[in-house]
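Build the full structure now, drawing on both the sequences and the hints.
Below, each chain spelled out in residue letters.
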Amino acid sequence: MNRFGVFVCHCGLNIAGTVDVKAVSREIGEIEDVSHSEDYIYMCSDPGQLLIRNAVREKGLDGVVVACCSPTMHEVTFRKAVESEGLNPYVCEIANIREQCSWVHQGDKERATAKAREIIRSVLEKLRGNEVLETLAMPLTKRALVIGGGIAGITASIDLADSGYEVILVERQPSIGGRLDQLSLTFPHLDDARCILGPKKAEIANNPNIRVMPYCEVEEVKGFIGNFDVRIRRKPTYVDWDKCTACGVCLEKCPVESLSDFERGLTTRKAIYTGALSENSGKPVIDPIHCRHLVDGTCTICQEVCPEGAIRYDQGEELLEERVGAIVVATGYDLFPMEKIGEYGYGRIPDVIDGLAFERMLSPSGPTGGEIRRPSDGRIPQEVVFIQCVASRDPERYMPYCSRVCCMYTAKQAKLLKQKIPNSQPYIFFMDVRTDSKGYEEFLQGAIEEEELIYLRGRVARVFREGDRVRVWGEDTLTNRKVELDADMVVLATAVVPSEGIKDIAARLRATVDKHGFLTEAHIKLYPVESPTKGIFLAGCGQGPKDITDTVAQASATASKIQSLFSQDALLQDPLVAFVDPEICSGCGICVQVCPYEAREMDEYRGISKVHEALCQGCGACIAACPNNACELRNSKAVQVFGMMETFAEGAEGSLADG
Amino acid sequence: MDKPMTTVELPDIEGRQTFLAEVQERCGENLGLCYQCLKCTVGCPTAPYMDFNPNTIVRLIQFGLKREVLESNAIWLCVSCETCGTRCPNEIDIGLLMDALREMSLEEGYRAKEKGVVALHNAFMESIRRGGRVHEATMLMEYKLRSGDYWTDLIPGMKLFMKGKIPLLPGRIKGIDSIREIYKKTQKQRKVLEDREGKSK
Numbered sequence: 001m002n003r004f005g006v007f008v009c010h011c012g013l014n015i016a017g018t019v020d021v022k023a024v025s026r027e028i029g030e031i032e033d034v035s036h037s038e039d040y041i042y043m044c045s046d047p048g049q050l051l052i053r054n055a056v057r058e059k060g061l062d063g064v065v066v067a068c069c070s071p072t073m074h075e076v077t078f079r080k081a082v083e084s085e086g087l088n089p090y091v092c093e094i095a096n097i098r099e100q101c102s103w104v105h106q107g108d109k110e111r112a113t114a115k116a117r118e119i120i121r122s123v124l125e126k127l128r129g130n131e132v133l134e135t136l137a138m139p140l141t142k143r144a145l146v147i148g149g150g151i152a153g154i155t156a157s158i159d160l161a162d163s164g165y166e167v168i169l170v171e172r173q174p175s176i177g178g179r180l181d182q183l184s185l186t187f188p189h190l191d192d193a194r195c196i197l198g199p200k201k202a203e204i205a206n207n208p209n210i211r212v213m214p215y216c217e218v219e220e221v222k223g224f225i226g227n228f229d230v231r232i233r234r235k236p237t238y239v240d241w242d243k244c245t246a247c248g249v250c251l252e253k254c255p256v257e258s259l260s261d262f263e264r265g266l267t268t269r270k271a272i273y274t275g276a277l278s279e280n281s282g283k284p285v286i287d288p289i290h291c292r293h294l295v296d297g298t299c300t301i302c303q304e305v306c307p308e309g310a311i312r313y314d315q316g317e318e319l320l321e322e323r324v325g326a327i328v329v330a331t332g333y334d335l336f337p338m339e340k341i342g343e344y345g346y347g348r349i350p351d352v353i354d355g356l357a358f359e360r361m362l363s364p365s366g367p368t369g370g371e372i373r374r375p376s377d378g379r380i381p382q383e384v385v386f387i388q389c390v391a392s393r394d395p396e397r398y399m400p401y402c403s404r405v406c407c408m409y410t411a412k413q414a415k416l417l418k419q420k421i422p423n424s425q426p427y428i429f430f431m432d433v434r435t436d437s438k439g440y441e442e443f444l445q446g447a448i449e450e451e452e453l454i455y456l457r458g459r460v461a462r463v464f465r466e467g468d469r470v471r472v473w474g475e476d477t478l479t480n481r482k483v484e485l486d487a488d489m490v491v492l493a494t495a496v497v498p499s500e501g502i503k504d505i506a507a508r509l510r511a512t513v514d515k516h517g518f519l520t521e522a523h524i525k526l527y528p529v530e531s532p533t534k535g536i537f538l539a540g541c542g543q544g545p546k547d548i549t550d551t552v553a554q555a556s557a558t559a560s561k562i563q564s565l566f567s568q569d570a571l572l573q574d575p576l577v578a579f580v581d582p583e584i585c586s587g588c589g590i591c592v593q594v595c596p597y598e599a600r601e602m603d604e605y606r607g608i609s610k611v612h613e614a615l616c617q618g619c620g621a622c623i624a625a626c627p628n629n630a631c632e633l634r635n636s637k638a639v640q641v642f643g644m645m646e647t648f649a650e651g652a653e654g655s656l657a658d659g
Numbered sequence: 001m002d003k004p005m006t007t008v009e010l011p012d013i014e015g016r017q018t019f020l021a022e023v024q025e026r027c028g029e030n031l032g033l034c035y036q037c038l039k040c041t042v043g044c045p046t047a048p049y050m051d052f053n054p055n056t057i058v059r060l061i062q063f064g065l066k067r068e069v070l071e072s073n074a075i076w077l078c079v080s081c082e083t084c085g086t087r088c089p090n091e092i093d094i095g096l097l098m099d100a101l102r103e104m105s106l107e108e109g110y111r112a113k114e115k116g117v118v119a120l121h122n123a124f125m126e127s128i129r130r131g132g133r134v135h136e137a138t139m140l141m142e143y144k145l146r147s148g149d150y151w152t153d154l155i156p157g158m159k160l161f162m163k164g165k166i167p168l169l170p171g172r173i174k175g176i177d178s179i180r181e182i183y184k185k186t187q188k189q190r191k192v193l194e195d196r197e198g199k200s201k
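Those sequence lines, one after another, are chains A and B. Residue numbers are given in the working numbering: position 640 of the first sequence equals residue 640, and the series is strictly consecutive. Residue numbers are given in the working numbering: position 10 of the second sequence equals residue 10, and the series is strictly consecutive.
Do not take every clue at face value.
Straight-line Cα separation of at most 20 Å, EDC-like style, residue types lysine to aspartate or glutamate; simulated pairs [stated by the list, open to error]:
{"no.": "1", "chain 1": "B", "residue 1": "115", "chain 2": "B", "residue 2": "68"}
{"no.": "2", "chain 1": "A", "residue 1": "420", "chain 2": "B", "residue 2": "14"}
{"no.": "3", "chain 1": "A", "residue 1": "482", "chain 2": "B", "residue 2": "22"}
{"no.": "4", "chain 1": "A", "residue 1": "503", "chain 2": "A", "residue 2": "521"}
{"no.": "5", "chain 1": "A", "residue 1": "561", "chain 2": "A", "residue 2": "162"}
{"no.": "6", "chain 1": "B", "residue 1": "39", "chain 2": "A", "residue 2": "432"}
{"no.": "7", "chain 1": "A", "residue 1": "418", "chain 2": "B", "residue 2": "51"}
{"no.": "8", "chain 1": "A", "residue 1": "534", "chain 2": "A", "residue 2": "314"}
{"no.": "9", "chain 1": "A", "residue 1": "200", "chain 2": "A", "residue 2": "159"}
{"no.": "10", "chain 1": "A", "residue 1": "482", "chain 2": "B", "residue 2": "68"}
{"no.": "11", "chain 1": "A", "residue 1": "482", "chain 2": "B", "residue 2": "142"}
{"no.": "12", "chain 1": "A", "residue 1": "482", "chain 2": "B", "residue 2": "25"}
{"no.": "13", "chain 1": "A", "residue 1": "243", "chain 2": "A", "residue 2": "296"}
{"no.": "14", "chain 1": "B", "residue 1": "39", "chain 2": "A", "residue 2": "314"}
{"no.": "15", "chain 1": "A", "residue 1": "418", "chain 2": "B", "residue 2": "14"}
Simulated from the structure, these hints should not be mistaken for lab results.
Structural data, given as structure tokens:
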């Protein structure tokens, strides 16, 4: 005979206001194998838990049902409570009489009470079939993969490496640094981007725990949390980096030029180039689309001039296999392409540029050596119009969200413009100015006060070329005036969008993205740096637009999550997963196809299906799909579920029926 | 806002910056601080009668639209109640600004749109010069003489007088010498204004 205990919670008045908890507790107590039954105002409170623990100990209970809220709330609480008294946690079950009873039947106390009783009776029926289970322990590879070498990836890598774990940092560009490498000074303290990035890059280079893999991409990811098998593709650089001394002769002599992505098209780069062109320190790669040798074999200049003989036109790509325990996705952002914005000139007016291009202009290492000059004729501009919210906050045509960084970088750019060209006048068209972080509002007000920036609230209707200037039609809604002015240059604060290829990467990782392509987190407040896919962690703008401060904070949060994961000896996992009866399984493989977590695989030798317990989330898809009922879920076996349904059906015939 | 939307074409940058600098110099306020929260306008008792709201006046100065500002009736309808300046989150004293704009308007020979307003302004200033504070009886008399408008508000004026609201004799203040000193320093400017009055009546 079982010795079950049932504990009915009032949840204040949440349950007791609708369900007669005393009556339920009394009636359940009369069931034969229930040796203890009681009610209490808050079971989850310390005294409530103590009631359960005392009953388990004093009455020698071998199974517990807590009738309370949803198991997502307090299942863990009560399982820990019974475990502390030596009872197996998997014989503690929750009967949900709040969300599924009292909250939905307010005003019908009699039948709500009957239903609560039947819910508890059916859970007792399930408990009768429960097995004692042990937590699963999985091996753990204490090495992390970081995808993306911007400030997010760099920060996460350093934090992880400093705590003693190995890190593989994969970057698809020829060198690490990311977007931060393109910036001039950063808000709100006007620190030089290089002074932030430089020491971090040096730390990366000197840290023996970090293996940087530039010009590489993640090709394939298999496995699961604790043990991912990753295939990394090293793209051909056509340069033997072991021999190359980064002397730069090839960069000088290469005869082919194309627009530089890094310089946002403000200048050209050679067909052989380094990642951060301006820095001229990284080792070069050859662009196979523009290199004349690789296109039609007509040029071998770089090979001829290289003093080290490092050029390898025949170099192929390399595939590398690595096993890691956790993956950080720090893939960063792009700016919304100006070419898609008709009213601002479709990217055709040379003096209309985007925020990143203006950053390159402001940067001392940029194409103009830090001087602000009009791209069309090189003249120093006097009147510059900045337009905020370009393609952001425009749900009908572009992106509905706020890109978060534009208000601040526009204020900063206008301030720097005024400092570099004192007789210039910046105009800033805005919808709202959002300065929601420490020191930001003060920065903005300071800039307006000192630099006489003119802020105009309203969207710009049209930007077009008039002679050699750019005509701007806007509105100042605060004074109810339409404003027309001739600007020398227009800077668009275009929307932050996820970087190209994010959807492919996410698909390979089985991570999810929202409709704009930003990686989704498991829970916006409770698990903000975890992907819903276990073992995948998020950092930086790939998850959503954010500034450097937030990016670094998020990257460190990610690293600390991984540190706590890696600090375990083995990976502990809930044992409530699927299992297969090898006597019944016919090896049809339907379960393998339906499993959304890739937890099912065919055992080729035995000809039957098997379960990767570490991957299985216990969703039940395979159980429903199995034509032979060979798949079962631990502690939710078919016999238990049918038993619950029968119990409930009996009750429905009696007290729950109408009238 | 019931004031009609009009289009403004911004003048060239030099003109704009000069006018802004001149106004700021005259009133001593930093107009760059204005972030157009409109608190001045919502509290202003005369804003409903103004052609431009106080916040718009600030913006028009930033735009360098000198003529629109100095010709507006807003600068003359301001009663210097100081509600705007008291409430401004950036401590811009719009009352001082309006004072400066009135003087600039007269100096540059713009015609005030409101009838008799310049005469009242000057009668007010003279009254203060004489006694250090306004003496209603002499100020009103002076206004009547300056404007040539003898009959308007005569009966309400008499009633006020009967109730003792318009004292016959002016009061004296302690700092009268300092007031006179101020007037002396700005005499040259005042002379110009007096001369303009005839034209802008």
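- What are the numbers of the hints that this structure violates, sorted from low to high? Those not satisfied are hints 3, 7, 8, 11, 12, 13, 14.
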